[in-house]
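Novice: Letter by letter, the chains look like this.
Number of protein chains: 2
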Amino acid sequence: MNQNRTLKGTLDGQSVKLDASTRETLYDTSFYGRPMDNYLELTLIEAAYLTYKNRVTVTHENEDLDFEGLMCESSRREGNFEVKYIVYKDLRERGYFIKPGVTDFRVYPRGGKPGKTPSKYFIHVLSERQPVPLINLVHHVKTAANVRKELVMAVVDEESDITYYGVSLRSMKGDMGTAHSDAAIRATLLEDRVMVWDSHSSDLLHKQHLFGKPLDETRLQLSLIEAAYLQEKNIIEIKDSLGEHVLTPAEFSDTSTTVEADFPIKLAVYRNLRDAEMVVKTGYKFGNHFRVYKKVEAGVGMKHSEFLVHAVDSNHVFNLPQLSRAVRLANSVRKQMVFAWQSGDDILYLELGRMKM
Amino acid sequence: MNQNRTLKGTLDGQSVKLDASTRETLYDTSFYGRPMDNYLELTLIEAAYLTYKNRVTVTHENEDLDFEGLMCESSRREGNFEVKYIVYKDLRERGYFIKPGVTDFRVYPRGGKPGKTPSKYFIHVLSERQPVPLINLVHHVKTAANVRKELVMAVVDEESDITYYGVSLRSMKGDMGTAHSDAAIRATLLEDRVMVWDSHSSDLLHKQHLFGKPLDETRLQLSLIEAAYLQEKNIIEIKDSLGEHVLTPAEFSDTSTTVEADFPIKLAVYRNLRDAEMVVKTGYKFGNHFRVYKKVEAGVGMKHSEFLVHAVDSNHVFNLPQLSRAVRLANSVRKQMVFAWQSGDDILYLELGRMKM
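Just so you know, the sequences run in chain order A and B.
When you line the first sequence up against our numbering, it's residues 1 to 357, in that order.
When you line the second sequence up against our numbering, it's residues 358 to 714, in that order.
Simulated from the structure, these hints should not be mistaken for lab results.
There could be a bad hint or two in this list.
What the hints assert, rightly or not - Label pairs and their computed distance ranges (CB to CB):
no.	chain 1	residue 1	chain 2	residue 2	range
1	B	Thr575	A	Gly115	27 to 37 Å
2	B	Asn672	A	Asn319	16 to 26 Å
3	B	Asn672	A	Pro114	46 to 56 Å
4	A	His180	B	Pro392	25 to 35 Å
5	A	Ser30	B	Glu654	31 to 41 Å
6	A	Pro109	B	Gln679	31 to 41 Å
7	A	Pro100	B	Gln679	53 to 63 Å
8	A	Ala183	B	His661	51 to 61 Å
9	B	His661	A	Pro109	49 to 59 Å
10	A	Asp216	B	Asp532	49 to 59 Å
11	A	Asn315	B	Thr500	38 to 48 Å
12	B	His661	A	Glu237	47 to 57 Å
13	B	Lys651	A	Lys8	50 to 60 Å
14	A	Pro100	B	Gly534	17 to 27 Å
What the hints assert, rightly or not - The list that follows gives simulated cross-link-like pairs (lysine-lysine, DSS-like), each with its CA atoms no further than 30 Å apart:
no.	chain 1	residue 1	chain 2	residue 2
15	B	Lys564	B	Lys530
16	B	Lys564	A	Lys53
17	A	Lys213	B	Lys446
18	A	Lys285	B	Lys506
19	A	Lys213	B	Lys456
20	A	Lys356	A	Lys294
21	B	Lys570	A	Lys53
22	B	Lys506	B	Lys477
23	B	Lys564	A	Lys89
24	B	Lys713	B	Lys477
25	A	Lys89	B	Lys660
26	A	Lys8	B	Lys596
27	B	Lys713	A	Lys285
28	B	Lys642	A	Lys294
29	A	Lys285	B	Lys660
30	B	Lys446	A	Lys285
Where is the CB? At the ideal position from N, CA and C, for every residue including glycine.
The task is simple: from the sequences and hints, build the whole structure.
Specialist: Shown next, in the form of structure tokens:
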């Protein structure tokens with residue numbers, strides 16, 4: 001059959017049906033559609049793409065639809081149709097074979113083919129304006145991971161540009177040991193930070209374990225999070241500014257939560273990372289909760305952190321422009337962007353990174 | 358008088374008073390304090406810094422306070438005391454002379470001195486956790502601009518690191534001309550974008566005026582914002598996907614606002630920028646509403662935009678970690694970060710950029 005002659009298909013609900021004889025041209029060589037007993041079935045996306053390529057003409061109610069007509073019909077029949085079409089066209093033109101899949105598309109590795117090679121990616125297509133619940137994203141990642149695929153989120157912006165993100169669950173582990181102290185170190189809560197006044201204790205906490213930031217040669221300032229963690233471990237004892245009352249962990253946590261509403265979840269993630277022997281410092285300059293180091297060599301200073309970690313609620317809903325900013329900023333400073341949340345007694349970590357397809 | 362002998366001062370409410378004879382040592386050479394008729398008055402910040410330097414000892418209720426004691430007393434007497442102390446110490450140690458001022462501090466230019474040179478910056482000190490209403494920031498910028506000073510926001514993070522931001526109001530003006538069309542171009546609304554189907558119109562809009570993004574060689578996709586603007590100017594006519602009904606501007610705006618809640622303010626800013634002859638494209642990849650070009654040369658393509666613009670409500674409250682991320686990302690790609698909002702019939706623009714002090 002000659003590829004230059006367009007093949008006739010019929011619009012039927014959410015798909016387009018072609019004569020079984022088209023299988024050879026469309027499916028056997030190019031993997032379009034799904035061969036059924038008596039016909040070949042194309043998705044609306046495949047039909048639109050083949051119409052654009054002038055290889056198929058779709059008939060609806062005995063009239064031929066042009067590309068415009070098919071796009072209008074399809075976008076009324078299938079949600080997110082245009083953005084899925086944009087992503088399908090982009091991937092196909094980059095030489096990938098694509099099949100429909102549970103997360104939207106299954107994509108074969110470069111050079112791979114349906115029937116010969118297993119698919120590599122599960123693609124999930126989103127318009128930049130769609131809110132994305134964390135639990136949905138985790139569900140898709142697990143669906144993909146269960147069959148050993150990588151989840152890729154394809155986000156189509158207002159201008160129809162596509163950004164691809166690799167998404168995966170990961171573990172976090174460092175190599176810094178954990179801090180100990182024989183006697184509790186004296187510290188004072190001043191408004192929204194905690195001060196360690198003597199230079200020996202300041203050195204122990206800062207030089208050996210990278211807690212806090214020196215105020216001057218003698219004194220060390222701890223953040224509320226650092227102080228809460230060190231208090232839990234009985235390494236410091238925190239007094240109020242009158243020096244009269246030693247705060248209990250519950251009192252300190254209450255005070256901290258009035259200063260910072262997300263203190264409890266931040267502390268849970270901080271604790272998990274520090275207990276995993278990582279160095280955790282503020283990520284303020286990067287607009288996230290923490291920057292995280294696997295290891296910091298003594299004397300070398302805080303050079304390059306590997307991760308930016310942001311703690312979120314387990315019912316968090318991502319706003320894609322904000323997510324884009326976070327990932328882009330992290331990647332621009334060669335760090336990996338990781339979101340963390342509490343799941344039962346565990347802290348889970350989701351990594352997102354821009355990828356080239 | 359010998360600088361190695363500490364001078365005695367007395368804590369009195371929100372300041373520290375010293376004998377008039379200390380004026381020569383503290384004020385005349387180093388510009389600490391305010392000379393009064395019979396005494397020299399130091400702010401609590403100045404007193405704490407001079408205590409740290411062992412130049413002053415502050416007495417309270419007939420007892421000498423050490424640095425720890427003075428910090429505890431001061432942080433109970435003055436809000437934001439620690440963060441202001443951190444910024445004061447940093448600027449002083451960088452060689453600047455600093456006086457109290459309406460926005461927190463007035464700072465003299467490098468090499469300049471009180472009495473000799475006018476001050477250059479108004480510094481406004483914030484802890485990273487403080488919410489910052491846009492109207493407050495604009496008020497501070499105007500206060501500074503009225504006396505020809507530059508507003509600098511000093512943000513102290515959790516770890517006591519300081520980031521300085523220059524803040525100013527600015528105008529936006531480009532050099533691209535504006536679009537016209539003799540007859541209204543036919544376009545169709547599909548879900549959340551608008552399609553122009555013929556290649557002549559696509560070329561006119563895209564190649565000459567950089568509206569939209571080509572779907573393929575023939576068709577152009579416009580964003581909702583672009584379509585609304587072109588509809589206002591009678592350049593396009595928008596039909597629904599059945600091709601039966603021409604949408605009125607009010608209908609199109611209603612539909613767009615259901616897709617995107619901030620559509621009205623985005624459109625107001627987009628219109629203002631396009632009317633100012635700038636090229637405005639989505640800023641999705643940078644997590645903002647728009648990237649903005651003064652001019653794009655035909656054929657050269659969309660290389661480097663000068664600005665990232667984000668539209669906000671006039672009652673917007675900045676979250677400093679998010680602000681930090683926006684500015685850092687913009688600066689890392691050599692763009693200026695600009696926030697825009699509606700003020701009466703005008704659109705105002707506030708530029709924020711990281712600066713080295």
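Novice: Determine for every hint whether it applies to the structure shown.
Specialist: Comparing the hints with the structure gives:
1. The supplied range of 27 to 37 Å is met by B:Thr575 and A:Gly115, whose beta-carbon atoms lie about 34 Å from each other.
2. In this structure, B:Asn672 and A:Asn319 meet the distance hint of 16 to 26 Å, their C-beta atoms being roughly 20 Å apart.
3. With their beta carbons about 55 Å apart, B:Asn672 and A:Pro114 fall inside the hinted range of 46 to 56 Å.
4. Between A:His180 and B:Pro392 the C-beta distance comes to about 53 Å, which lies outside the given range of 25 to 35 Å.
5. In this structure the hint that A:Ser30 and B:Glu654 lie 31 to 41 Å apart at CB holds, the actual value being about 40 Å.
6. Checked against the hint of 31 to 41 Å, the pair A:Pro109 and B:Gln679 passes, with Cβ atoms roughly 38 Å apart.
7. A hinted range of 53 to 63 Å is violated for the C-beta pair A:Pro100 and B:Gln679, which are about 38 Å apart.
8. For the pair A:Ala183 and B:His661, the supplied restraint of 51 to 61 Å holds, since their beta-carbon distance comes to about 59 Å.
9. Between B:His661 and A:Pro109, the C-beta spacing of about 35 Å breaks the proposed range 49 to 59 Å.
10. With their beta carbons about 52 Å apart, A:Asp216 and B:Asp532 fall inside the hinted range of 49 to 59 Å.
11. Look at A:Asn315 against B:Thr500: about 42 Å separates their beta carbons, and that is inside 38 to 48 Å.
12. Checked against the hint of 47 to 57 Å, the pair B:His661 and A:Glu237 passes, with Cβ atoms roughly 55 Å apart.
13. Between B:Lys651 and A:Lys8 the beta carbons are some 52 Å apart, a value that agrees with the proposed interval 50 to 60 Å.
14. The hint said 17 to 27 Å for the Cβ distance between A:Pro100 and B:Gly534, and at roughly 46 Å that hint is violated.
15. A threshold of 30 Å between alpha carbons decides the hint, and for B:Lys564 with B:Lys530 the separation of about 21 Å falls inside it, so the pair holds.
16. Among the hinted pairs, B:Lys564 with A:Lys53 is consistent with the structure: their alpha-carbon atoms are about 23 Å apart, no more than 30 Å.
17. Restraint check for A:Lys213 and B:Lys446: the C-alpha separation of about 14 Å stays at or below 30 Å, so the hint holds.
18. In summary, the hint linking A:Lys285 to B:Lys506 is supported, as the alpha carbons are separated by about 26 Å, within the 30 Å threshold.
19. The straight-line distance between the Cα atoms of A:Lys213 and B:Lys456 is roughly 26 Å, inside the 30 Å bound, and the hint therefore holds.
20. Note on A:Lys356 and A:Lys294: the hinted pairing holds, with a Cα-Cα distance of about 26 Å set against a maximum of 30 Å.
21. Using a Cα cut-off of 30 Å, the hinted pair B:Lys570 and A:Lys53 holds, with the two alpha carbons roughly 19 Å apart.
22. Restraint check: the Cα-Cα separation between B:Lys506 and B:Lys477 comes to about 5 Å, which is no more than 30 Å; the hinted pair holds.
23. Using a Cα cut-off of 30 Å, the hinted pair B:Lys564 and A:Lys89 holds, with the two alpha carbons roughly 22 Å apart.
24. Distance restraint check for B:Lys713 and B:Lys477: the Cα-Cα separation of roughly 14 Å lies within the 30 Å cut-off, and the hinted pair is therefore satisfied.
25. Annotation: proposed proximity of A:Lys89 to B:Lys660 holds, straight-line Cα distance about 24 Å (limit 30 Å).
26. Distance hint between A:Lys8 and B:Lys596 is fulfilled; the C-alpha atoms sit about 28 Å from each other, no more than 30 Å.
27. Distance check on the hinted pair: B:Lys713 and A:Lys285 sit about 14 Å apart at the alpha-carbon level, within 30 Å; holds.
28. Distance restraint check for B:Lys642 and A:Lys294: the Cα-Cα separation of roughly 29 Å lies within the 30 Å cut-off, and the hinted pair is therefore satisfied.
29. Note on A:Lys285 and B:Lys660: the hinted pairing holds, with a Cα-Cα distance of about 27 Å set against a maximum of 30 Å.
30. Of the supplied pair hints, the one linking B:Lys446 and A:Lys285 holds, its CA atoms being roughly 20 Å apart against a limit of 30 Å.
In this structure, the earlier hints numbered 4, 7, 9 and 14 are contradicted, and the remaining ones agree with it.
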